[in-house]
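From first to last, the protein sequence lines stand for chains A, B and C. Under the numbering used here, residues 17 to 321 are what the first sequence spells out, in order. Under the numbering used here, residues 6 to 357 are what the second sequence spells out, in order. Under the numbering used here, residues 36 to 319 are what the third sequence spells out, in order.
Mixed in with the good hints there might be a few duds.
With a straight-line Cα cutoff of 25 Å, these simulated SDA-like cross-link-like pairs (lysine to any residue) come out [what the hints assert, rightly or not]: (1) C:K93 <-> A:S52; (2) C:K133 <-> B:E256; (3) C:K93 <-> B:P138; (4) B:K82 <-> B:L40; (5) A:K45 <-> A:I235; (6) C:K274 <-> C:E213; (7) B:K350 <-> A:L151; (8) C:K133 <-> C:Y184; (9) C:K93 <-> B:G148; (10) C:K111 <-> B:R146; (11) C:K133 <-> B:L250; (12) B:K26 <-> A:L151; (13) C:K133 <-> B:P354.
Rather than coming from a laboratory, the hints here were simulated on the basis of the structure. In this text, all values refer to a predicted model and were calculated from it rather than measured experimentally.
Chain residues, written in single-letter form:
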Amino acid sequence: MSETETLRAWLLTDTPTSRRHARLSSFYKGWLALRSNTMAMFGLAILVLLGLTAVFAPFLAPHDAFAQDLGNRLQPLGSDGNFLGTDSLGRDILSRLIYGSRITLYIVLLVAMIAPIAGLLVGTIAGYVGGWVDLVLMRITDIFLAFPRLVLALAFVAALGAGIENAVLAISLTAWPPYARIARAETLTIRSSDYISAIRLQGAGPLRIITKHVWPLCISSLIVRVTLDMAGIILAAAGLGFLGLGAQPPSPEWGAMISEGRRFILDHWWVATVPGLAIFTVSLAFNLLGDGLRDVLDPKDGGTQ
Amino acid sequence: MALTEENREGRRRAPLAPWLKTTLMTVGSIAVTMLGLLFVTFVIGRVMPIDPVLAIVGERASQSTYQEVYEQLGLDKPLIVQFFYYLWDVIHGDFGMSLLNARPVSEDIARVFPATLELATLGVFAGIVLGVPLGVIAAVRRGSWIDQIARVVALVGYSMPIFWLGLMGLLVFYGILGWVGGPGRLDIFYVDIVPQRTGMILLDSALDGNWEVFRNAFSHIVLPASLLGYYSLAYISRMTRSFMLEQLSAEYITTARVKGMSERAVIWRHAFRNIRVQLITVIALSYANLLEGSVLTEIIFSWPGIGSYITTALLSADMNAVLGGTVVVGLIFILLNIFSDLLYKVFDPRSK
Amino acid sequence: MTLLDVENLWVKFPTRQGIFEAVRGVSFTLGKERLGIVGESGSGKSMTGRAILRLIRKPGIVEANHIRLHETDLMKLTEVEMRKVRGQRISMVMQDPKFSLNPVMTIGDQIMEAYLLHNNTSKAQARAKSIEMLNAVSIRDAERVMRAYPHEMSGGMGQRIMIAMMLIPDPEILIADEPTSALDVSVQRQVLDIMDALVKERGMGLIFISHDLNLVSEFCDRVLIMYSGRIVEVCDADKLHQAQHPYTRGLLNSLPRLDAPRKRLEVLQRDDNWAKADSVSGAV
Numbered sequence: 017m018s019e020t021e022t023l024r025a026w027l028l029t030d031t032p033t034s035r036r037h038a039r040l041s042s043f044y045k046g047w048l049a050l051r052s053n054t055m056a057m058f059g060l061a062i063l064v065l066l067g068l069t070a071v072f073a074p075f076l077a078p079h080d081a082f083a084q085d086l087g088n089r090l091q092p093l094g095s096d097g098n099f100l101g102t103d104s105l106g107r108d109i110l111s112r113l114i115y116g117s118r119i120t121l122y123i124v125l126l127v128a129m130i131a132p133i134a135g136l137l138v139g140t141i142a143g144y145v146g147g148w149v150d151l152v153l154m155r156i157t158d159i160f161l162a163f164p165r166l167v168l169a170l171a172f173v174a175a176l177g178a179g180i181e182n183a184v185l186a187i188s189l190t191a192w193p194p195y196a197r198i199a200r201a202e203t204l205t206i207r208s209s210d211y212i213s214a215i216r217l218q219g220a221g222p223l224r225i226i227t228k229h230v231w232p233l234c235i236s237s238l239i240v241r242v243t244l245d246m247a248g249i250i251l252a253a254a255g256l257g258f259l260g261l262g263a264q265p266p267s268p269e270w271g272a273m274i275s276e277g278r279r280f281i282l283d284h285w286w287v288a289t290v291p292g293l294a295i296f297t298v299s300l301a302f303n304l305l306g307d308g309l310r311d312v313l314d315p316k317d318g319g320t321q
Numbered sequence: 006m007a008l009t010e011e012n013r014e015g016r017r018r019a020p021l022a023p024w025l026k027t028t029l030m031t032v033g034s035i036a037v038t039m040l041g042l043l044f045v046t047f048v049i050g051r052v053m054p055i056d057p058v059l060a061i062v063g064e065r066a067s068q069s070t071y072q073e074v075y076e077q078l079g080l081d082k083p084l085i086v087q088f089f090y091y092l093w094d095v096i097h098g099d100f101g102m103s104l105l106n107a108r109p110v111s112e113d114i115a116r117v118f119p120a121t122l123e124l125a126t127l128g129v130f131a132g133i134v135l136g137v138p139l140g141v142i143a144a145v146r147r148g149s150w151i152d153q154i155a156r157v158v159a160l161v162g163y164s165m166p167i168f169w170l171g172l173m174g175l176l177v178f179y180g181i182l183g184w185v186g187g188p189g190r191l192d193i194f195y196v197d198i199v200p201q202r203t204g205m206i207l208l209d210s211a212l213d214g215n216w217e218v219f220r221n222a223f224s225h226i227v228l229p230a231s232l233l234g235y236y237s238l239a240y241i242s243r244m245t246r247s248f249m250l251e252q253l254s255a256e257y258i259t260t261a262r263v264k265g266m267s268e269r270a271v272i273w274r275h276a277f278r279n280i281r282v283q284l285i286t287v288i289a290l291s292y293a294n295l296l297e298g299s300v301l302t303e304i305i306f307s308w309p310g311i312g313s314y315i316t317t318a319l320l321s322a323d324m325n326a327v328l329g330g331t332v333v334v335g336l337i338f339i340l341l342n343i344f345s346d347l348l349y350k351v352f353d354p355r356s357k
Numbered sequence: 036m037t038l039l040d041v042e043n044l045w046v047k048f049p050t051r052q053g054i055f056e057a058v059r060g061v062s063f064t065l066g067k068e069r070l071g072i073v074g075e076s077g078s079g080k081s082m083t084g085r086a087i088l089r090l091i092r093k094p095g096i097v098e099a100n101h102i103r104l105h106e107t108d109l110m111k112l113t114e115v116e117m118r119k120v121r122g123q124r125i126s127m128v129m130q131d132p133k134f135s136l137n138p139v140m141t142i143g144d145q146i147m148e149a150y151l152l153h154n155n156t157s158k159a160q161a162r163a164k165s166i167e168m169l170n171a172v173s174i175r176d177a178e179r180v181m182r183a184y185p186h187e188m189s190g191g192m193g194q195r196i197m198i199a200m201m202l203i204p205d206p207e208i209l210i211a212d213e214p215t216s217a218l219d220v221s222v223q224r225q226v227l228d229i230m231d232a233l234v235k236e237r238g239m240g241l242i243f244i245s246h247d248l249n250l251v252s253e254f255c256d257r258v259l260i261m262y263s264g265r266i267v268e269v270c271d272a273d274k275l276h277q278a279q280h281p282y283t284r285g286l287l288n289s290l291p292r293l294d295a296p297r298k299r300l301e302v303l304q305r306d307d308n309w310a311k312a313d314s315v316s317g318a319v
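Full structure from sequences and hints, please.
Shown next as structure tokens:
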């Protein structure tokens, strides 16, 4: 039996020998299930590509993303040296797209760090402590849910000032309530289960129960939700950028690029079209991956939506 | 002893009728949510890096004028008192003056709102008419080509930036094909011909019997409305499909088949009847989302609705207008939610 | 007289791991009698019932040499012709009235619908007939029940309503799929008695599907014992306790008996050969 065969067998065992073994094993089985989902793997591939593009942007970009060349402005697709043409200031669109992937990833990752963690904290505390704390926290959550997301984000950006960081903050502020709801629901079911009582009898305090036993179980439903939300986050960030409230010029943020190209849409359509395709591709990739992850991690909802 | 305790307790607090209790609870929670909404906007207004006094008196005003207006606006009072002033004003429909045109914000909103309402209503209508049947068929023929198409339609809808799709639509259908009217609600030539009754041009021109204006207005609204319709179609069809799948696997569906019903009757008379209530909620939600989604759409199509209004105000730092618009949209959100909850109670026999 | 003649019935479901055979070559006949089908969950007993009504949905496949109702082979009927069989000639009562009644339709509407589907009469007549039928299943205050919704009914009432609804078009055969397992023990007997009386009075055939050996042996005339999609044994209900097959014996031994108390009940020991053996014919 070859080396890989035994590793595979070890990973696929029904009788894990240690906690780490069990965790690796279930992770591997999930991966196998995900791998059989072509569309999800397609989405994952795009995202890996996006990550690589962002990391190696300086090596991949054929031109300086900020260098203006007014003599060379609004070049069409496929022109010499500017594969995707140039914008109104003569900047190479392909290079701007490549650098723009950094901004997109930056926004997505930051929001994905802030919103679910905030939601997890609020939700688990509300669910675990219960009573008045629960009532107050959930009321606050409801208030934020009552706001239309984009309009609230607009108002926040208005208060905080335009810019990427503030856009991230504004989107996070509108994105956390659903996570809090999910985390609370999970906490309520976990809290009343027998093994939590058993741990409590052994003397574990609330902090330990929440961090060691409640959180790990909330994670999988949160991951699914985060992945599916990513597309929405990208679209919201692009929308803010489009309105001129996100990344500021000359930053090559994709939404801002569309906004800039909008003025020439009838004569020079590609300036606005190309960045839109980039946004579409990335959010599609997140949606595909999210669907696949949901099927693996949350089989009870599988295929219902 | 325990018994008497209980009795005394009972006498002290007369038990409320259950329906009264639930009504009070609902009204209470709605009131709290609305208060919270106003509080958040109030806080945003206070955090804004714009000096409301300066905005009124101008840069060159004297210290005494500044102080006067400062006190007039109640800014010397504690925050909580200011909040109650704000609350008082909002309850009376007073969102302050717009700094841009020095008119009451409430008047501005009343003027621009019908444009948004017209657009969103047409959009959600298209979404329902196409999305519900598509979702039902996709669920009934799960895995068939039509299900695949429905899936792709929804996936694209969830992934496509709305403002970009709008631009592309404008490029293709207006710029290249010339099938539809361009940005705005009417061609210049037709503006102000029909008297304003509802503020919704399609309705106004129809009431006036002026079909030429109607046609022109329609050619302008058809593209943005289709765009919004597509997004609500994506959402509604997906939700319809998932609700239907749940019902179709229910046992009472087998009962209906055992009775010897045709498949069509099973689907529409039994399964669909069970998702109507859920659908109403989804449609209300989708309507609310369209009111919001219209922010970006309105910008693209130069549509003079509330979305354009908020954005323009934002870019020119017109705080009262931004907050007023936000509050109005937020309140509509809440009202739509209440509305769908109420419908739930009316239509679902189990909730009685 | 034979009402129903099933020969070599298969029910298959394609899955990712290959084809799963839920029912494997089952044959039996049904006269004007009460035929019990017993087995554990997953033995294919429910699938057999549903396959007779051709209620197995795609991608499930039903195959049989024939399923003959009198002279008509149900396998050869089109879907539209099959609809005339369902309800009117063969009907089915399912396990839990909480799920098998439509929650958002009034009980009256649901019963009347069953009648109107097969009888071209006025609504008023359907209504009168429905009330008569509700009275027949010992529902008092039938007028009020007609206007009520299923969630307002208790389990026992729900199941009696279900029986009324399924018998109102006057079918020849009733398939009862675990009709009492979801009910309180206190009302099980009552529901069974009502069903039994109606079936007898109308001269119907009854297929009684259950996992409860004792119940079946008391209530039925003849019993088929299914295991893993096949019939492993056929016997008369009153001779069930003399059954030969090790599976049946195992099931019997795993039941507590008041007349022969034991310290420990036996655990069923399975044998792969049971699943491999050919199906026994349940034809008379």
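Structure-based check of each hint:
{"no.": "1", "hint": "C:K93 <-> A:S52", "result": "23 Å, holds"}
{"no.": "2", "hint": "C:K133 <-> B:E256", "result": "9 Å, holds"}
{"no.": "3", "hint": "C:K93 <-> B:P138", "result": "21 Å, holds"}
{"no.": "4", "hint": "B:K82 <-> B:L40", "result": "20 Å, holds"}
{"no.": "5", "hint": "A:K45 <-> A:I235", "result": "17 Å, holds"}
{"no.": "6", "hint": "C:K274 <-> C:E213", "result": "22 Å, holds"}
{"no.": "7", "hint": "B:K350 <-> A:L151", "result": "23 Å, holds"}
{"no.": "8", "hint": "C:K133 <-> C:Y184", "result": "11 Å, holds"}
{"no.": "9", "hint": "C:K93 <-> B:G148", "result": "11 Å, holds"}
{"no.": "10", "hint": "C:K111 <-> B:R146", "result": "24 Å, holds"}
{"no.": "11", "hint": "C:K133 <-> B:L250", "result": "19 Å, holds"}
{"no.": "12", "hint": "B:K26 <-> A:L151", "result": "17 Å, holds"}
{"no.": "13", "hint": "C:K133 <-> B:P354", "result": "14 Å, holds"}
In this structure, every one of the numbered hints holds.
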